[in-house]
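Chemist: Here is how the chains run, residue by residue.
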Amino acid sequence: LAKTTQPISMDSYEGQEVNITCSHNNIATNDYITWYQQFPSQGPRFIIQGYKTKVTNEVASLFIPADRKSSTLSLPRVSLSDTAVYYCLVGPLQAGGYQKVTFGTGTKLQVIP
Amino acid sequence: NAGVTQTPKFQVLKTGQSMTLQCAQDMNHNSMYWYRQDPGMGLRLIYYSASEGTTDKGEVPNGYNVSRLNKREFSLRLESAAPSQTSVYFCASSELSGYTFGSGTRLTVV
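Line by line, the protein sequences give chains A and B.
According to the working numbering, the first sequence is numbered sequentially starting from 3.
According to the working numbering, the second sequence is numbered sequentially starting from 54.
These are calculated hints, taken from the structure and not from any lab test.
Don't take each hint at face value.
Said to hold, decoys possible - Pairs of lysine-lysine, DSS-like flavour, derived with a Cα cap of 27 Å: (1) Lys62(B) / Lys110(B); (2) Lys67(B) / Lys124(B); (3) Lys5(A) / Lys54(A); (4) Lys5(A) / Lys110(A); (5) Lys110(A) / Lys62(B); (6) Lys5(A) / Lys124(B).
If we strip away everything but chain A, and leave its shape as in the complex, we get:
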């Protein structure tokens, strides 16, 4: 099972780009990388998912190097509403595949005015 390591916390000023890196040295061939966002008193919410290279959606970008042993979530021009905990998950995309996936403590991002 791929273990993930993220920074415990990060601070950023409004309007800056934020990059959160996740290490997953023993990622398996059929594993995908997925990032979730959690606000206080809410369940985590899907942000972005990728397998390799770069993925971009309306919210974020995900950069995955060729060796796939790490990934970086990039949030452009953060606002106060981006203050949340961000989780990096690594696991297979198969039916029920997430039973083997564990959530770590995530990265607590604090956006400062």
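With chain A held as given, fit chain B onto it using these hints.
Modeler: Structure of chain B alone, referenced to chain A:
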């Protein structure tokens, strides 16, 4: 567009009481999960159901039981609540692309 619905949202129990947390999803997902989240911690998997008719233990199953009633519903039962079970409980469902979580049940055991 309900997604995953959990009831109740809040509950206070006395030690030794029992209760069932309900979860239903309307996305036709095969897999469903129950997590608990303690203050300042990540989510820990209690039980999961990979498909209708199957359930299996996760990381912290002691003190809990589950029932996958049908494809839509997955309930979590506390037979004899303990203060250590005070937590926020999240239900989730998934298909190939990732989880959808409910809004949580905040449970306090006194």
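Chemist: Could you tell me which of the numbered hints above are not met by this structure, giving the numbers in increasing order?
Modeler: 2, 6
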